[in-house]
Amino acid sequence: MQAVEFQHISKRFGAVQANRDVSFSIAQGSIHGVIGENGAGKSTLMSILYGYYRADSGKLLINGEERQIRNSHAAIELGIGMVHQHFMLVENMTVLDNVMLGSEGGFRLAAHRKEVEAKLREICKTYSLDVDPLAKIEDLSVGVQQRVEILKQIYRSANILILDEPTAVLTVQETASLFEVLRLFKQQGKTIILITHKLQEILDITDEVTVMRAGTVVGSVQTAATNKEQLAELMVGRPIETHLPRAPYAPGATVLDVKGLNLVNAQQVSLLKDLNFQIRAGEIVAIAGVSGNGQSELLEVLSGMRLPTSGEIRMEDRMLPYAGRKDADGLPAVFREIGIAHVPEDRLRDAVVKNFSVLMNSFLGYQKKLGKAFGLLDYKTILKNCESLLSKFDVRPADPHLRIALLSGGNQQKVVMAREIAANPKLMLVGQPTRGVDIGTIESLHARLLAMRDAGVAILLVSVELEEVRALADRILVMSGGCITGELKVEEFDATRIGLLMGGLHKH
Amino acid sequence: MNQADLPRWASAFALPLLNLLSALLVAAGVIYLLGESPLESMGILLNAAVFNPEGFGYTLFYAATFIFTGLSVSIAMQAGLFNIGSEGQMYLGGLGLTLVLLAFDAHLPGWLLIPLAILGSAIFGAAWAFLPGYLQAKRGSHVVVTTIMFNFIAASLMNYLIVSFLIPEGQQNTASRVFAEASWLPKLNGILPVLGETPLNISFILALFALLIYGMAVWRTSWGYQLRATGLNQHAAHYAGISIKKTIIVTMMISGALAGLGAVNSVMGSTHYLNLNFPAGAGFIGIAIALMGRQHPLGILFSSILFGALIQGGFDLSLEKPNIPPETFIFIQGLIILFCGAMENLYAPALSALLKRKEK
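Heads up: the sequence lines are chains B and W, in that order. Position one of the first sequence corresponds to residue 1 (my numbering), numbered consecutively onward. Position one of the second sequence corresponds to residue 1 (my numbering), numbered consecutively onward.
If you are wondering where the hints come from, they were derived from the structure by calculation, not from laboratory data. Just so you know, these numbers come straight off a predicted model, no measurement behind them. Note that the Cβ used here is the ideal one computed from N, Cα and C, for glycine as well. A couple of the hints might just be wrong.
[Unchecked claim] So, partial list: chain W residues that the calculated Cβ filter (under 8 Å) puts toward chain B:
| # | residue |
| --- | --- |
| 1 | ARG220 |
| 2 | SER222 |
| 3 | TYR225 |
| 4 | LEU232 |
| 5 | HIS235 |
| 6 | ALA236 |
| 7 | GLY241 |
| 8 | SER243 |
| 9 | ILE244 |
| 10 | LYS245 |
[What the hints assert, rightly or not] Straight-line alpha carbon distances no greater than 30 Å define the calculated DSS-like cross-link-like pairs of lysine-lysine that follow:
| # | chain 1 | residue 1 | chain 2 | residue 2 |
| --- | --- | --- | --- | --- |
| 11 | W | LYS138 | B | LYS354 |
| 12 | B | LYS369 | W | LYS138 |
| 13 | B | LYS426 | B | LYS372 |
| 14 | W | LYS246 | B | LYS369 |
| 15 | B | LYS326 | W | LYS245 |
| 16 | W | LYS356 | B | LYS59 |
| 17 | W | LYS246 | B | LYS354 |
| 18 | B | LYS326 | B | LYS273 |
| 19 | B | LYS368 | W | LYS245 |
| 20 | B | LYS354 | W | LYS358 |
| 21 | B | LYS326 | W | LYS246 |
| 22 | B | LYS369 | W | LYS245 |
| 23 | W | LYS246 | B | LYS426 |
| 24 | B | LYS426 | B | LYS326 |
| 25 | B | LYS384 | B | LYS369 |
| 26 | B | LYS326 | W | LYS138 |
| 27 | B | LYS392 | B | LYS198 |
| 28 | W | LYS245 | B | LYS426 |
| 29 | W | LYS138 | B | LYS368 |
| 30 | B | LYS354 | W | LYS356 |
| 31 | W | LYS358 | B | LYS59 |
Can you make the complete structure from the sequences, with help from the hints?
Below is the structure:
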């Protein structure tokens, strides 16, 4: 029995053919992986299944019957549930209220609430989901919030569960417990569709995997009969280089010297505690750690987006100009002058203006340094520069006038990276450079960073992906709870030891 | 579908036009209910406001003021600020130019007096907008709230100033004395006699220049780039090193200055004295114009002319058709704000579906 069957699905957005004649089926009671590079059409296909978009042509069969899914309500009625990459939860409401949202069941909330609470506790027991129905969402960790999303779907009796990049924000342990839940799900005869770009996860948990590229299906294989290399090659369409070339480690003078950096927020919570480290020219120092342990704040302070509470931070032979300011309003411009470039962690929030074109985003942060003719921006030169950046970084589509929101995450990141590299910085701050970015793009972004390192730029990399840390770093600092809990060279790389340091266990 | 994904011509022209037609259609329905023929009324309106040269002169005269208030609201919108206070800023702009003229109109020649007075109106308008801008930037007080309050404060303040200080002794009219003729703005009927006895004056040409400078500043300078980045994404603007506080304060002052300049046309070009409540809602019409014109210079120009025509034609219409009260204009204005502002994307899904079908 097939739970879902796509037959010749096609979908176009303007000039972009997001899905072209997509056909494959998903067996009931299986875990089916869908992988592909960004922009391969995975999300569009799932949005069609969940009723956000209508296919231009083709058929959709649910449990063997052809269905028209007009909206997400219709999808929910058919037992389809979706856990989005960005959670759809009301932060200041309890788990219980979030689950009830949309199915309040009549005017008198209280009576119904008891019923739902009992049912939730039962579900939690069945699936060994450790969630307190009366806890507030904002008090829960990211991993638990995700369980709430899954809980919501089980409560709505979803039989087909779509998970969009579910492990992007999880720690190793959280991922393991998520997979436990998914296996239980499968045992109950439910169907799971897992969208991810992490090949290891596909191999760990799925039964079958469908690979998409450029809107089409390039292969559906039994997981047992495949391996990482084959999948990666299918995804990208060419063999992937796992070991990128790099010059021998020969760091130069100290570029950044951080002494006693502290940051306390308005609620008197200490976010960064007495950080001390240096970064030298021509080396990549990676900060490893579970997301939310002060890495974001460190990047914000070093890029001038936020003032530290105390500390001496020196760039080459001068102090970074935090002193005598009430706030960091406008400060990042000064830091760029000093030679600090910054690829922020949250791309869509900080690094780009979504409603600007690629062209307009290609000089965000450097708008004061542009060439001018009679005081007006010289768009001819700007356009030429942008076009050369797009072709150098292989951004697709290479259309400078396209709204940047219409590009895939990987291509947006290429634009940001291209812009920051073009500024020729002495110190490059990079936060989560490959979050939500596909393998092919990861390879090229990594190669860019290594080339910068070889050219003598000091690079501070923040990443929650240990694989990335290992692939790029010369030295690794581990952060936990706002402290640096350990430092090791990349040759001493030891996932277990880093894991312990990430958990806050100091070296003896 | 996002409206920004429609082709440029569709979102820039087709949508506003459809919205405008919808507003006029509803207005036509109301005129029909009032017992008059919508077609005949439209004919009278067009005749009075467009086809009659003198009427068209009046239309452009009103439009000159609206271009300035429309620009005032638009430039604030570019930075993500909803300045509802153009009315009060224009009122204060009138005070600024009046003080200059009352002080100097007996001593200075016109070529010096007029620019000084214009400068006075801009400075007073900017000053009146400074405080809401400062409060937004430094204290987070929302400009919508503060500018509304500043409209009321402006009205009371002007009431007090005019009644207590500006009325010449022995006069009943709540207005200042008439300014010396040196300060009167040159009328355009000197060059274009066909306009007849209309008050259309050089401030219309100033308004066209203002449109041009606005377009250049917003789209062709790094300052305008920073302004729009701040309006679209404050996080990214901060990341880009743009001082958000400075942008907010400076933009509000420019917005206020533009509103203040809106006073020049009627006070220096037509009445030649400052009277109570002279803005008569022009600041609020600026909001409708900014919404309908989508903050684009050409859009602002056409919307201003449209509103000028509605006022001018509305006068004649209510004279000829006593059933249609002059307030009908305010009603139509409301409809246009409703269709072009609150429901601006009403036809976007249908239009995009239509275009897609055509593509195939």
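For each hint, the structure was consulted:
Because the smallest distance between the Cβ of ARG220/W and any Cβ of chain B comes to about 4 Å, under 8 Å, the interface hint for this residue holds. The beta carbon of SER222/W comes within 4 Å of a beta carbon in chain B, closer than 8 Å, and the hint placing it at the interface holds. Evaluation of the TYR225/W hint against chain B yields a held restraint, the C-beta minimum of about 5 Å falling below 8 Å. This hint holds: LEU232/W has a C-beta 5 Å from the nearest C-beta of chain B, less than the 8 Å allowed.
Interface hint status for HIS235/W: upheld, as the beta-carbon distance to the closest one in chain B is roughly 5 Å, under 8 Å. Taken as an interface hint, ALA236/W checks out: its beta carbon lies about 5 Å from the nearest beta carbon of chain B, inside 8 Å. Hint on GLY241/W holds. Least Cβ distance to chain B is approximately 3 Å, under the 8 Å limit. With its C-beta approaching chain B no nearer than about 3 Å, SER243/W sits inside the 8 Å limit, and its interface hint holds.
For ILE244/W, the shortest C-beta to C-beta distance to chain B is roughly 6 Å, which falls under 8 Å, so the interface hint holds. At its closest, the beta carbon of LYS245/W sits 5 Å from a beta carbon of chain B; the interface hint therefore holds under the 8 Å criterion. A distance of roughly 26 Å separates the Cα atoms of LYS138/W and LYS354/B; the hinted pair therefore holds under the 30 Å criterion. Proposed proximity of LYS369/B and LYS138/W is supported: the alpha carbons are some 28 Å apart, at most 30 Å.
Pair hint LYS426/B plus LYS372/B holds up; C-alpha atoms about 26 Å apart against a cutoff of 30 Å. Distance check on the hinted pair: LYS246/W and LYS369/B sit about 19 Å apart at the alpha-carbon level, within 30 Å; holds. Restraint check for LYS326/B and LYS245/W: satisfied, since their Cα atoms lie roughly 12 Å apart, inside the 30 Å limit. Restraint check for LYS356/W and LYS59/B: satisfied, since their Cα atoms lie roughly 20 Å apart, inside the 30 Å limit.
Using a Cα cut-off of 30 Å, the hinted pair LYS246/W and LYS354/B holds, with the two alpha carbons roughly 23 Å apart. For the proposed pair LYS326/B and LYS273/B, the alpha carbon gap of about 21 Å is at most 30 Å, so the pair holds. Between LYS368/B and LYS245/W the CA atoms are separated by roughly 17 Å; this keeps the pair inside 30 Å, and the hint holds. Restraint check for LYS354/B and LYS358/W: satisfied, since their Cα atoms lie roughly 28 Å apart, inside the 30 Å limit.
Between LYS326/B and LYS246/W the CA atoms are separated by roughly 14 Å; this keeps the pair inside 30 Å, and the hint holds. In summary, the hint linking LYS369/B to LYS245/W is supported, as the alpha carbons are separated by about 21 Å, within the 30 Å threshold. Distance hint between LYS246/W and LYS426/B is fulfilled; the C-alpha atoms sit about 29 Å from each other, no more than 30 Å. Only pairs whose Cα atoms come within 30 Å are accepted, and LYS426/B paired with LYS326/B is accepted, the gap being roughly 27 Å.
Straight-line distance between C-alpha atoms of LYS384/B and LYS369/B comes to about 16 Å, which keeps the hinted pair within the 30 Å bound. Of the supplied pair hints, the one linking LYS326/B and LYS138/W holds, its CA atoms being roughly 11 Å apart against a limit of 30 Å. For the hint linking LYS392/B to LYS198/B, the alpha-carbon distance of about 27 Å falls within 30 Å, and the restraint holds. A C-alpha spacing of about 29 Å is found between LYS245/W and LYS426/B, which places the hinted pair at or below 30 Å, so the restraint holds.
Pair hint LYS138/W plus LYS368/B holds up; C-alpha atoms about 24 Å apart against a cutoff of 30 Å. The hinted pair formed by LYS354/B and LYS356/W meets the criterion: a straight-line CA distance of about 24 Å does not exceed 30 Å. The straight-line distance between the Cα atoms of LYS358/W and LYS59/B is roughly 23 Å, inside the 30 Å bound, and the hint therefore holds.
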